[in-house]
Amino acid sequence: MTQVKRKHDARLKRHRRVRKKVTGTSARPRLAVSRSNRHMV
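Here the sequence shown stands for residues 0 to 40, numbered as in numbering that gives the first Met the number 0.
Accuracy of the hints is not assured; some may be wrong.
Unchecked claim - Using C-beta positions, here's what the derived DEER-type ranges look like:
{"hint": "1", "residue 1": "24", "residue 2": "2", "range": "32 to 42 Å"}
{"hint": "2", "residue 1": "9", "residue 2": "33", "range": "38 to 48 Å"}
{"hint": "3", "residue 1": "28", "residue 2": "1", "range": "31 to 41 Å"}
{"hint": "4", "residue 1": "17", "residue 2": "38", "range": "19 to 29 Å"}
{"hint": "5", "residue 1": "10", "residue 2": "32", "range": "13 to 23 Å"}
{"hint": "6", "residue 1": "12", "residue 2": "33", "range": "15 to 25 Å"}
{"hint": "7", "residue 1": "35", "residue 2": "1", "range": "26 to 36 Å"}
These are calculated hints, taken from the structure and not from any lab test.
All C-beta atoms in this analysis are idealised placements derived from N, C-alpha and C, irrespective of residue type, glycine included.
Please model the entire structure based on the sequences and the hints provided.
Structure below.
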């Protein structure tokens, strides 16, 4: 398996994992939260 293919597969796995948790509708849009060691934004 080439490095490009592995990278692509890893991206898809990440995408599926995130999409499982992140949901939104027009009435209640997706919420983007940025976390750092000091703050939650």
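Q: Kindly confirm whether 31 to 41 Å is satisfied by the beta carbon distance between residue 28 and residue 1.
A: holds, 38 Å
**Q.** Distance restraint evaluation - residue 10, residue 32, Cβ atoms, bounds 13 to 23 Å
**A.** holds, 21 Å
Q: Check the following: the C-beta atoms of residue 9 and residue 33 are separated by a distance inside 38 to 48 Å.
A: Roughly 22 Å apart at Cβ, these two residues miss the hinted range, so it is violated.
Q: Could you tell me whether the CB distance from residue 24 to residue 2 stays inside 32 to 42 Å?
A: The hint (32 to 42 Å, Cβ to Cβ) holds, given that residue 24 and residue 2 are roughly 38 Å apart.
Q: Take a look at whether the Cβ-Cβ distance between residue 17 and residue 38 falls inside 19 to 29 Å.
A: Cβ of residue 17 to Cβ of residue 38: about 22 Å, so the range 19 to 29 Å holds.
Q: Could you say whether the range 26 to 36 Å given as a hint is met by the Cβ separation of residue 35 and residue 1?
A: Taking Cβ atoms as reference, residue 35 and residue 1 lie about 35 Å apart, which means the hint holds.
Q. Is 15 to 25 Å right for how far apart the beta carbons of residue 12 and residue 33 are?
A. Given about 22 Å between the Cβ atoms, the range holds.
Hint 2 from the earlier list is the only one contradicted by this structure; the remaining hints agree with it.
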